[in-house]
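Undergrad: One letter stands for each residue in the lines below.
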Amino acid sequence: MLRFILKRLGLALITLWILSVIVFFAGQVLPGDPARAILGPLAAPQAVHALRHQLGLDQSLLSQYWNWISSFVKGDPGTSYQYQAPIGPILTAALGRSLKLAALAFVIVVPLSIFAGIVAALNVGRPVDRTISVVGLSGTTVPEFVSGIILIVVFAVGLGWLPVSALAPPGSSFLTQIKYLILPAIPLVLVLFGYIMRMARAGTVEALESDYARTATLKGLPRGVMIRRHVLRNSLLPTITVIATQTGYLIGGLVVVEVLFRYPGLGQLVAQAATNKDFPMLEAGVLTIGIVYMLVTLIADIGFSLLNPRIRLSAVE
Amino acid sequence: MRRSNSELDRLRQGRSELENHYIDELVAGNVSRRDFLRRGSTIGMSMPLLGAILAACGSGSSSSKSAAGGSSNSSGGTPTKGGTLRVAGVTPAAAVNPLTVADAGGLLMLNQTGEFLIFDSNLKLALQPMLALSWSPNNDGSVWTFKLRQGVKFHNGAAMTADDVVYTFQQLSDPKNASNALSTFTGVLTPSGVKKVDQYTVEFHLEAPNGNFPYLVSSDNYNAIIVPKGTDFAKWQKTFVGTGAFKYGSYTQNVGASFVPNPDYWGTKPLLSGTSFKFYSAQGPMILGLQGNEVDVVSQFVPAGASALLNSSSYKIIKLNSANHRELSMRNDQPPFNDPRVRQALAYSLDRAGMVSALLSGDGHVANDYPFGPRFPSTDTSVAQRAQDIAKAKQLLQAAGHTSVSATLATEIYQEIPQLAQVIKADAAKAGFNINLKIEQQSAYYGKATFGNSDWLDSTLSLVDYGDRGVPNVFLEAPLTSSGPWNAAHFKNKTYDGLVKQYVAATDLQTQKSIAGKIEQLLLNETPLIIPYWIDGLTASTPNVGGLNPTAIAQLYLNTAYKSA
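First to last, the sequence lines map onto chains D and X.
Position 146 of the first sequence, counted from 1, bears residue number 151 in the numbering used here, the numbering being contiguous throughout.
Position 268 of the second sequence, counted from 1, bears residue number 1744 in the numbering used here, the numbering being contiguous throughout.
Read the hints as simulated data drawn from the structure, not as lab findings.
Beta carbons are placed, not taken as given, at the ideal position from N, Cα and C, and that holds for glycine.
Just to be clear, a hint being listed does not mean it is correct.
Reference excerpt, derived from the structure (chain D facing chain X, CB under 8 Å, subset only) [said to hold, decoys possible]:
1. Ser76
2. Leu172
3. Leu265
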């Protein structure tokens, strides 16, 4: 197990390094210029020239990359071009917010969708199954900005039950913060619910039809015990993989929800950095998302092996 | 005009030649009362003096009082002391650095704690003294002398003197600095032209005569807040040191900022016990924030997507006359638009009134293809407005030897511009134009913003936005003169260049107006570019908020703001 984890971490480092190279050099192809992004399109050429020099953008690409990565590996993510401030605190704050929102969405959607998937599977073809499937799929097809605006207009502006924006005042209690995050979490739950529910349903249906499930039933196990012991352990494996792959989206891909609910998270930060060609910020943001993603998939793989003793991690090596 | 001669004679005494010239113009009825206030304030006549002259000329003193009075919009319940005003603002796109700020979010932050030599009030359409008490030009407008307000303290406790003003403007005009104000000062002011005369007097020696120079050091030039001598601009966002009625409380990137009253403020102390800004990256959530009672004020918004505010009586809307506009340039140096008849044909195909009502919800004015409009007193209003005339457009195209013309229009994703491009395409089609749209992200559209590296400057047709300015100088020069850096039309006309030079140098309104008339006529004949409309500046608040003082470039002064229970 330890060997497996170390090997995965080693591969992750190489992947992250390749990611940083791709982001840096592919980003050069994007239109625009960091200095002009700061000074505006109408700035005088000599001002742009002066700022490019200050930011070190008049050096060669290779030396720019080297300057960045050499201080990055020493633990200094550098200074943001656009904010003229150290990246560390800005990034940490944004990541913290993104993690909070993602965690709340997870806590709601994972049990809910797995439960719904299992219920649907146990009632295949019946009205309950149809209802769950149709509701789940409909939710997935509604874009976040549509569901988000409806939620805000109804529950925040109309009924006044919940805040319009997601950012709780500084120093708010845990419960207050959750109150602020409920509305923005719902569109995410809607998007993910259908997807995870379908996986859980399909996995359960398949497991229910399997030989071992039939054997268990035939040897006289009560239905509840059979489902708990034999069906769920197998049916949830693909679901775990699906959940893990959604973390990238939840941590770094929520630009629309963040804008709509005035929640300055990682998604907006990275999108803004890409638009303004703020490379130190973009690199740090993308690598952070990459690290979170890799950690979660690693945890998923470990969880996978715990649920399924047939897949020993040593075999994965 | 009825004259009260003895009073007027008394007021004339000791006034300069230029000032007496304006009084003559007023007496002769050549300038309106409003224009007199506007021009008088530009050359440094004080508001009480202007009011007294108007009264002596029999022009109602009540209205002159309103112009001379403080800055506020009326109503909003009774002014109450205390309370924190919550304002929705655009997220600053970059560091809040007075030298580099170039976006609406950033300049809104600068003006919370910083003050300018002069305040250009959109509400009054006149210049008002801020950190300068008075200003006056020499005879040809090439040297301007500013007398500074005494007893002003920076938030760090230091007294504001000429040294600070000299430092500020030397930094802003230094070509070696990454100064956004260089686009204003290039060709106008260099660091060596900023001179301290005494502790409270500063002289600006200009590169060329400029009759509107006070506007360039006013709040119009949003970078020009006065900072203490020796300020490191890159670190300014840690302290926000200025001279304003509010001082730094907190600033968190992408989240918000707060400000507290400055107990040492030179002017009337603010009524509010604090202000709190929340940053938004889109207009929709800002409006929802106002509706959901998370903010009291939306600092600035555009009509597109704001019907919830504009059609509701539950909110107060402040509307400002602004020079904010769009320009559709046509490549004057390439067929088919090298023929002025083709350019005029496109101009006649557009339904401008329809655009104002559909795209701006009526919050704007039709424009006439030259950068003079209702915002500027020098506008010659006798030139007839162009209206849609499809038959004439077809005729012009035919005369130019075309039955139809195909071209690509490049533009940016910004506010209502993509929709405007669609409307232009549809209107122009009626006259025989076949326009393909290329709608891009701003960074792709502007590119390197130099000729040969920019869809903005290189496209056959190019539709771009221009923000508000207090004087039309930039609009006349950068996009239209032969050497203009933003001349997307590639318009080169020596007569025009000469007229603009004269216009910029002119210090008196009558001369400016007569040159403006010639420029307007020339631009209508040539039609190097099309200006469909002027867009009003809009600010919204809940009904219990009053005393707001916004400008059309998205500043918001809260000195007199209050929030009644």
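Undergrad: None of the hints should be skipped; say for each whether it holds.
TA: Status of the hints after comparison with the structure:
1. At its closest, the beta carbon of Ser76 of chain D sits 19 Å from a beta carbon of chain X; the interface hint therefore is violated under the 8 Å criterion.
2. Taken as an interface hint, Leu172 of chain D checks out: its beta carbon lies about 7 Å from the nearest beta carbon of chain X, inside 8 Å.
3. For Leu265 of chain D, the interface hint holds, the least distance from its beta-carbon to any beta-carbon of chain X being 6 Å, beneath 8 Å.
The structure fails to meet hint 1 from the earlier list, while all remaining hints are met.
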